[in-house]
Amino acid sequence: MNTLRQLAVVAILGALAGIGLHAQSFDFRATIPFDFRAGDRLMPAGEYLIRGQGPVVFVRRTDNGSNAFALMTIAVAGRDTPRKARLDFNCYGKEYFLTKVWDPFGENGHQLQQTSREKELAKRGTPVPSEVRLASK
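Note that this note's numbering numbers the sequence shown so that position 98 is 98, with each residue one more than the last.
Worth double-checking, as some hints may not be accurate.
What the hints assert, rightly or not - Only pairs whose alpha carbons sit at most 25 Å apart, straight line, appear in this in silico DSS-like list of lysine-lysine:
hint	residue 1	residue 2
1	Lys94	Lys119
2	Lys100	Lys119
3	Lys100	Lys84
4	Lys84	Lys123
5	Lys123	Lys100
What the hints assert, rightly or not - Here are the computed distance ranges between Cβ atoms for each label pair:
hint	residue 1	residue 2	range
6	Met72	Ala122	15 to 25 Å
7	Gln114	Asp35	15 to 25 Å
8	Lys123	Asp63	12 to 22 Å
9	Lys123	Asp27	33 to 43 Å
10	Phe34	Lys84	12 to 22 Å
Since the hints were derived computationally from the structure, they do not count as laboratory data. These numbers were taken from a predicted model, which means no experiment stands behind them. Where is the CB? At the ideal position from N, CA and C, for every residue including glycine.
Model the full assembly from the supplied sequences, consistent with the hints where possible.
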């Protein structure tokens, strides 16, 4: 009986500890006026639905749900005050690469890892930063 009580206490404490670990999620639409790369995918200009849950960011064209995919990201600290939801891109010539996704609900953004193509272009020159502000869904 004592073991059962200890197990119940541990389970309750574990559940309570997990409540604070709930990751902030977001859901936005963005109109991106240029073709861009997100991870290894080349995406055409257009309107996109951007969803985030924890370290995963989902990207989907609003006119074609079959172009949906997930990107693993790492957290980065933000410096914006007030916070603005946006997508950050690096531009090399005419090629755009999605680099970060920022949401207004937290201080951190979501950074994508550089692809081999972006690393190759970065060796040749400095990127020109570009951003697209997001509109809430």
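Against the structure, the hints come out as follows:
no.	hint	verdict
1	Lys94 - Lys119	holds (15 Å)
2	Lys100 - Lys119	holds (16 Å)
3	Lys100 - Lys84	holds (13 Å)
4	Lys84 - Lys123	violated (31 Å)
5	Lys123 - Lys100	holds (20 Å)
6	Met72 - Ala122: 15 to 25 Å	holds (20 Å)
7	Gln114 - Asp35: 15 to 25 Å	holds (18 Å)
8	Lys123 - Asp63: 12 to 22 Å	violated (36 Å)
9	Lys123 - Asp27: 33 to 43 Å	holds (36 Å)
10	Phe34 - Lys84: 12 to 22 Å	holds (20 Å)
Checked against the numbered hints above, the structure breaks hints 4, 8 and satisfies the rest.
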